[in-house]
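Number of protein chains: 2
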Amino acid sequence: MQELIIGIDIGGSKILSGILNREGRILARKKETTLANCEAGEVLDGINVTVKELMQELGAQRNNILGVAVGAPGPLDYFNGIIKDPPNLGWRELPLREELSKRLGMQLLLDNDANMAALGELRFGRSKACTHLIYMTVSTGIGGGIIIDGKIYRGKDGGAGELGRMRLLAEDGQGASKHGQNLESLASGTALAHEAQELIKQGRGQGILALCPEASKITAREIGEAARGGDPEARQMLRRAGYFLGMAIANLVNIFNPEWIVLGGGAGLGLQDFLGEPIRDVVNDWVAPSLKHNLKIEFTSLGEEIGLLGCAAAVLQEFENSARRSNKEGMEAQ
Amino acid sequence: MQELIIGIDIGGSKILSGILNREGRILARKKETTLANCEAGEVLDGINVTVKELMQELGAQRNNILGVAVGAPGPLDYFNGIIKDPPNLGWRELPLREELSKRLGMQLLLDNDANMAALGELRFGRSKACTHLIYMTVSTGIGGGIIIDGKIYRGKDGGAGELGRMRLLAEDGQGASKHGQNLESLASGTALAHEAQELIKQGRGQGILALCPEASKITAREIGEAARGGDPEARQMLRRAGYFLGMAIANLVNIFNPEWIVLGGGAGLGLQDFLGEPIRDVVNDWVAPSLKHNLKIEFTSLGEEIGLLGCAAAVLQEFENSARRSNKEGMEAQ
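Chains as they are written, first to last, in this note's numbering: chain A, 1 to 334; chain B, 1 to 334.
Any given hint could turn out to be false.
To be verified - Simulated pairs of lysine to any residue, SDA-like, Cα-Cα distance not exceeding 25 angstroms: (1) Lys328/B / Glu329/A; (2) Lys156/B / Pro289/A; (3) Lys328/B / Arg325/A; (4) Lys151/B / Ala129/A; (5) Lys156/B / Asp149/A; (6) Lys328/A / Arg324/B; (7) Lys84/A / Asn294/B; (8) Lys52/B / Phe319/B; (9) Lys292/B / Pro289/A; (10) Lys151/A / Asp285/B; (11) Lys156/A / Cys130/B; (12) Lys296/A / Asp85/B; (13) Lys84/B / Asn284/A; (14) Lys151/A / Lys102/B; (15) Lys151/A / Gly150/B; (16) Lys328/B / Glu98/A; (17) Lys102/B / Ala60/B; (18) Lys328/A / Leu109/A; (19) Lys328/A / Ser326/B; (20) Lys151/A / Asp157/B; (21) Lys292/A / Arg154/B; (22) Lys84/A / Asp285/B; (23) Lys296/B / Asp77/A; (24) Lys292/A / Lys84/B; (25) Lys151/A / Asp149/B; (26) Lys84/B / Leu295/A; (27) Lys151/A / Leu295/B; (28) Lys296/A / Phe79/B; (29) Lys156/A / Ser290/B; (30) Lys328/B / Ser322/A; (31) Lys14/A / Glu98/A; (32) Lys151/B / Asp157/A; (33) Lys151/B / Cys130/A; (34) Lys292/B / Lys296/A.
To be verified - Restraint ranges, calculated between C-beta atoms of paired labels, are given here: (35) Asn321/B / Lys292/A: 28 to 38 angstroms; (36) Asn294/A / Ser216/B: 33 to 43 angstroms; (37) Ser216/B / Arg92/A: 53 to 63 angstroms; (38) Asp285/B / Lys31/A: 50 to 60 angstroms; (39) Arg239/B / Asp85/A: 26 to 36 angstroms; (40) Ser322/B / Asn80/A: 34 to 44 angstroms.
Simulated from the structure, these hints should not be mistaken for laboratory data. The structure displayed is predicted, hence computed values, not measured ones. Ideal Cβ positions, reconstructed from N, Cα and C, are used throughout, including at glycine.
Turn these sequences into a full structure, and let the hints steer you where they fit.
And the structure:
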């Protein structure tokens, strides 16, 4: 049997588990959506059961598994394998790597979901073989993975890439509230949903409300649907979100001079027909001419499976690195 | 005679030339302030004359010179040694490395002035031995040098670190004009001077005007003086500039997770008694808790000579790298 990789992508609203081969083909997968109000231990038990089921489905044994990787929302402590306090999960200081590894009976790699996705894009996406890439996920929250010279950039102690925290509006009388100023609170799926709910409270946003009569259940999806139906309020909201995403991306390009900017995430991919244009317009206006040359800004072609593909990429990279290390040691020992 | 290094720091309003030893002691230096309205060829001729004078002053010969380095305002093409179109110099596509090298009769290293300063800080400043540092210069313009793993981060084609271009205010009806939104236009020395001139046009800013009756000649220096004298308008302007610098720095910390943020530049150093507090306040409010741990934000202790020290650091780094390279080749050849 070929060598297999287990990937687990823990998101704000779903867990996607899968078994992949070395070429990034997903041979078995399961998507679970219920996460809210679950205790961490129960969630990890659930993942363990799912992984065993998927292995059984393929007739795979422990010795067929090349490695296991898990992507989870940041902030997390990469070096120690600990989930810190992701706003959308309700977990705090959870030693996920150790806890899940114990349940599975296998070692595992744990990284920020956006870092995993960036690795997936780099190995399996259209940006293959590029060296400087920034991946931005627009989903429940907004996160980022920064690739420099083909490797994840982690910063001094593993906390780099918190792109959703980028502040884009000031507080000096510009009319923005204290809590409404960073990228995540301006352009994430959650931000869009809140904005629609605010509109509705004011008696507006009726085109959106018609698609989801219970205002508290409105998500970015309904806003996209309304916009596609021609609703001017929904279109204006998406143009504004695209504008802020473009502003953040222009800043990143001016700072990093990357080759690729890749966008993903449920809300990002679902709304790309509305977000792409304002993003490109703003970047075009605000990036230094020499940095625009050859810059590519695209939505990932890997869809919602980018996280799983990233898990495979992380395992393969680790495997190649350790092969290189032992090769080198072997040569030095001769 | 000990080995000497020639450093030339070309700024928006002055050129500082010096000869240093390997320990970063400046043995001879000359500061020239007149640059406006000069053709590039004349400026380079002038630098050549100054360098020859400084060498003569020390009785130094060509064979005493370990290397020459030049810092110049960005954007510049590091790989080809070409100055692109720095807004404050009026030069365009100037092959400075080649042109000055011809005049001096010596090879030289050319880099962005902020990159040079970052290298100077890393070797000779308080942040010695740190691996992740961002240097921000607040002067006529605002520039940056990013150090990752002890080396300048250049991006895909050498244009990284344009920190002054970071957009901090949006255009969506927040009241900011199209040209008043990036960090440089909000918090540089030039921005402060413009702001004071605007106040005066409105009949306000009298405390600043009293220190420099010709409004068009007001610089950041007079604003600092007025603030020190208790002028509330000047203080408010500096608090606002500090706020925006803090906002940009918070963004950089959330993205890069660095160990040190070092501030320099004429305006930055001259106004540090007013800028330091708002910067630290904003960073404290907006940086993820895990990234604040051990983060140091300071003004450089190297003063206006940081650029010259950076030139020495660049030459020494290049020298050490080539020694390492030839050592390695020697070992491989054995």
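Please write out, lowest number first, the hints stated earlier that are contradicted by the structure.
9, 10, 14, 16, 34, 38
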